[in-house]
Structures are given as structure tokens and as C-alpha cells.
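K.L.:
Each chain is listed here by its residues.
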Amino acid sequence: MTQAPRVAVIVFPGSNDDRDAAWALGALGADPTFAWHADQELPRDTAGIVLPGGFSYGDYLRSGAIARFAPIMEAVDAFARDGGPVLGICNGFQILCEAGLLPGALRPNRTLTFVCRDVPLRVERTDLAFTARCDEGQRLSIPIKHGDGCYFADAELLAHLEANRQVVLRYDGENPNGAVADIAAVTNEWGNVMGLMPHPEHAVDPLLGASDGALILSGLVDAAREHALVAA
Amino acid sequence: MKATVLVRPKQGILDPQGDAVGSSLRQLGFAVDEARVGRVVDLELEGSDPAAAREQIERMCRHLLANPLIESYEISLEGHDE
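Protein sequence lines correspond, in order, to chains A and B. For the first sequence, this note's numbering gives the first residue as 1, with consecutive numbering after it. For the second sequence, this note's numbering gives the first residue as 1, with consecutive numbering after it.
Worth flagging that the hints you see were computed from the coordinates, not collected in a lab. Some hints here could point you the wrong way.
Said to hold, decoys possible - Have a look at the derived ranges for each label pair, beta carbon to beta carbon: (1) A/Val115 to B/Val21: 47 to 57 angstroms; (2) A/Pro120 to B/Glu46: 52 to 62 angstroms; (3) A/Asp118 to B/Gln17: 21 to 31 angstroms; (4) A/Arg122 to B/Gly29: 43 to 53 angstroms.
Cβ atoms here follow ideal geometry from the backbone N, Cα and C, with glycine treated the same way.
Taking the hints into account, I'd like the entire structure generated from these sequences.
P.N.:
Set out below in C-alpha cells:
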């Protein structure tokens, strides 16, 4: 029996899905722990990172713009550049974009309304840790709840992302926020950092209506387990 | 020294806030084709060298005040505008 990999959930002032993320990770076989935004270092033996949803620093200026300068982000950046698996959910996605760990930016929803509902998603690639448990083209149902989820990349960047296959999930059917090319999740060039607007941590238990999120989070846990072995 | 930074959504970027303001203005009977909503940051800086101040504010804009992918910015220094 291998040890549960340690996954650090970064807590910013205004994060509000940190506990749900930790609970879900624990249920899926990880050893979740919290890291405070003001810490300089990640917890010992961190093998995976989740940047959770919420409204870090009140979403002042732009969503994620201030959180990217939190002291812990230097350690997150180093971990990501070392190949460690990092998943940004909703506000975490916004922070990763602002920090330059993911391409693009997230803008206010086209409708200007906060959207909160289950959305159908299409899996665009499965050769990534985060989607390794999915099938190519699989339809997932995972809830979204955001005001700033309109993914933007200019024409040049979008062409680059498509050519590099960096789009991981797309909204299937109605586009809930105006995101370009129906993009719901992107990865970095190396495939070890992913951001998504839907909340997999809210969809891990069929009792609560949906469990497709477990596929994504289990992928992260698998990647963390592997990363722990490499780092050991 | 006082300075003002104007941050705008870049041309061509969807600006739902501006669209909502525009349509409200039209509903009120104003002849408005388009409205775009940006942000104003008023700064009070130490020092009195305008060139140094401008260089510093440029860095502020690139690092934090604007996201160059989606926003443009304009800097004006009180009493030093060309």
C-alpha cells in the first residue's frame, strides 16, 4: 500500500472552496493539507497543489491579480516549473493566468450575471494527468459558479493554444459565460498545470448529484502520487 | 507628486459592463452608440522627478494595475502632461 500523496490546498483571504477541495481530495485518496497565502514555503512533502475557488482579496482590481503576489506564490511557481502537478479551480484558474503560469485571462461573464449551475463539458484530450481517467470526447457534468469566467485569448494566442492542444475542456452546448472557443479548461505547454472554471470538488459524490469531478481530481491525486515517487 | 492611471479594456475585448451602461443610457433617451468602462487609479508618489515617476508607474502598470493581454493604460502626471 503506497502512502497517500500530500496535496497542498492554498488558502488566500477570500478563498471559500478550500475546505471542499480538501475534503474531496481526502475522499479520493490524497493526504490534503492547507498552506496559508503568507507562508514562504509549501508544506513538507507537497506532491500536488490545488488553488481553490473563492474571491481572493475580494477580487479587487481583477480576479486573481493581487493573489498572484502572495508570498506562497513563489513556492507555487517553483513547484510548477519543477514539473509538479498544479490545479487551479475557478479563482485558482484566474490566479494562475494572472501569475503567467497559464496563458490567457478571465473576464466578466458576457451576461454580467453570476452563473451557478451544472454544465455539460467535453473532454478534448486524455493524455494529461488531469484527464487520464476520462475518455476522449467524454461528456462530463460539473457545476460552475462564477462571475468572471469568460476565458479570453487573442486570435494569435488562441491559434497557438489550439495548435498545441492546450484546450482540455470545452463547454458542450450552450456557452455559459462567453469564453472564446467555448474554453472551460486550459493547460500549460508541459501539461502539469491546469486551470478550469468548473468545480470538480463539488462533484465527487453521487449522493450530491454528480461525481464526474472525481475523475479530474483523481487525475491530480494520481499525478501527485507519481510526483512524490520522483521527488523521493 | 500626483498621478493618474487610466486602465481600459483593449479595443475588441468584450466589455459587458460597458454594454450594460450603454444600453441603460439609451433607455434613458441618450443617443449613445457605445460605452466602454475602465478604471481610474489615483496615485500619490514620493519624489519630484517626473521621468523617474513615470518609469515607476509604467512598472506598476505592467506588474499589477493592468493586464496587458486585455487592458491598455494611460499615465498622466499632474502638472507634467505634454
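K.L.:
It remains to establish, for every hint, whether it holds in the given structure.
P.N.:
Status of the hints after comparison with the structure:
1. In this structure the hint that A/Val115 and B/Val21 lie 47 to 57 angstroms apart at CB is violated, the actual value being about 21 angstroms.
2. The hinted window of 52 to 62 angstroms between A/Pro120 and B/Glu46 holds, with their beta carbons roughly 54 angstroms apart.
3. A/Asp118 and B/Gln17 have their C-beta atoms about 27 angstroms apart, which keeps the hinted 21 to 31 angstroms range intact.
4. Restraint check, A/Arg122 to B/Gly29: a C-beta distance of roughly 45 angstroms satisfies the suggested window 43 to 53 angstroms.
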